[in-house]
Amino acid sequence: GAVVSQHPSRVICKSGTSVKIECRSLDFQATTMFWYRQFPKQSLMLMATSNEGSKATYEQGVEKDKFLINHASLTLSTLTVTSAHPEDSSFYICSVIPGDRAGNTIYFGEGSWLTVV
Amino acid sequence: QKEVEQDPGPLSVPEGAIVSLNCTYSNSAFQYFMWYRQYSRKGPELLMYTYSSGNKEDGRFTAQVDKSSKYISLFIRDSQPSDSATYLCAMSPLNAGNMLTFGGGTRLMVKP
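Protein sequences, first through last, are from chains A and B. According to the numbering used here, the residues represented by the first sequence are 1 to 117, in order. According to the numbering used here, the residues represented by the second sequence are 1 to 112, in order.
Among these hints, one or two may not hold up.
Capping the alpha-carbon separation at 27 Å, the derived lysine-lysine pairs in DSS-like fashion look like this [said to hold, decoys possible]:
| no. | chain 1 | residue 1 | chain 2 | residue 2 |
| --- | --- | --- | --- | --- |
| 1 | B | K67 | B | K56 |
| 2 | B | K70 | B | K111 |
| 3 | A | K41 | B | K70 |
| 4 | A | K41 | B | K111 |
| 5 | B | K42 | A | K66 |
| 6 | A | K41 | A | K20 |
| 7 | A | K64 | B | K42 |
Derived DEER-like restraints, expressed as beta-carbon distance ranges [said to hold, decoys possible]:
| no. | chain 1 | residue 1 | chain 2 | residue 2 | range |
| --- | --- | --- | --- | --- | --- |
| 8 | B | L94 | A | G61 | 30 to 38 Å |
| 9 | A | I12 | B | K67 | 25 to 33 Å |
| 10 | B | Q31 | A | Q60 | 33 to 41 Å |
| 11 | A | E52 | B | L94 | 15 to 23 Å |
| 12 | A | I12 | B | S53 | 21 to 29 Å |
| 13 | A | T105 | B | N55 | 16 to 24 Å |
For the record, the hints were derived by calculation from the structure and aren't laboratory data. We treat Cβ as the ideally placed atom computed from N, Cα and C, and that holds for glycine.
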């Protein structure tokens with residue numbers, strides 16, 4: 001069964017509005033979650049590392065004020081795309097490394113398709 | 001030059017064929033190597049996970065890592081139409097999600 005759950009799987013929003021995407025770890029607690037973005041026919045690009053109880057760490061070139069990340073609990077991280085524009089349309093994916101599992105396999109969510117019109 | 005190179009394909013094979021997917025990399029610090037399968041409009045699914053050099057087999061899938069050549073492979077035996085997907089290699093110097101480097105993905109099509 002799914003280890004990581006993302007919601008919504010698909011969202012369409014108007015330009016200028018904000019959209020929130022949730023990432024939940026289902027079977028374990030996760031102090032760290034990761035957010036990726038994937039444009040069509042391209043590979044995943046890490047956007048930020050979400051840390052429970054502290055500020056997220058953003059990769060170079062990712063605007064922290066535009067992509068707000070909140071990791072309020074050990075099982076939930078949210079990504080909010082603020083003042084969305086058509087160029088923000090993309091596939092957003094979260095991933096988790098279960099801290100208590102040997103081998104520390106990285107699990108991905110199902111992804112969320114964002115279309116800004 | 002990208003840190004991880006992967007032929008984008010598409011690679012088209014008949015059902016039952018042996019498929020070979022490959023990635024090359026330039027960073028000798030990479031220690032952890034992974035292969036993910038991604039169906040259209042879905043998140044990546046971990047297929048194989050290996051540490052350092054060697055082979056690992058799981059059912060119809062075999063992963064090979066040759067660190068001396070900086071080359072990794074994923075073999076799929078008896079390929080099925082359900083194997084049609086994009087396959088992404090990923091690697092990391094440490095087992096940390098914020099240090100994963102992905103290849104661009106190879107699109108595989110298995111025709112019945």
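Comparing the hints with the structure gives:
A hinted pair counts as satisfied when its Cα atoms are at most 27 Å apart, and K67/B with K56/B qualifies at roughly 14 Å. Taken as a hint, the K70/B and K111/B pair is broken in the structure, with Cα atoms around 31 Å apart against an allowance of 27 Å. At most 27 Å may separate the alpha-carbon atoms for a hinted pair to count; K41/A and K70/B meet this at roughly 24 Å. For the proposed pair K41/A and K111/B, the alpha carbon gap of about 21 Å is at most 27 Å, so the pair holds.
Annotation: proposed proximity of K42/B to K66/A holds, straight-line Cα distance about 24 Å (limit 27 Å). A hinted pair counts as satisfied when its Cα atoms are at most 27 Å apart, and K41/A with K20/A qualifies at roughly 24 Å. Between K64/A and K42/B, the direct Cα distance comes to roughly 25 Å. Compliance with the 27 Å bound is thereby established for this hinted pair. Checked against the given bound of 30 to 38 Å, the beta carbons of L94/B and G61/A, roughly 22 Å apart, lie outside it.
At about 45 Å, the beta-carbon gap between I12/A and K67/B misses the expected band of 25 to 33 Å. Separation of Q31/B from Q60/A is about 23 Å and departs from the stated range, judged on CB atoms against 33 to 41 Å. Taking the beta carbon of each, E52/A and L94/B are about 20 Å apart, inside 15 to 23 Å as hinted. Evaluation of the 21 to 29 Å hint for I12/A and S53/B yields a failure: the beta carbon distance comes to about 46 Å.
Between T105/A and N55/B the Cβ separation comes to about 19 Å, which falls inside the hinted range of 16 to 24 Å.
Hints 2, 8, 9, 10, 12 from the list above are not met by this structure, while the remaining hints are.
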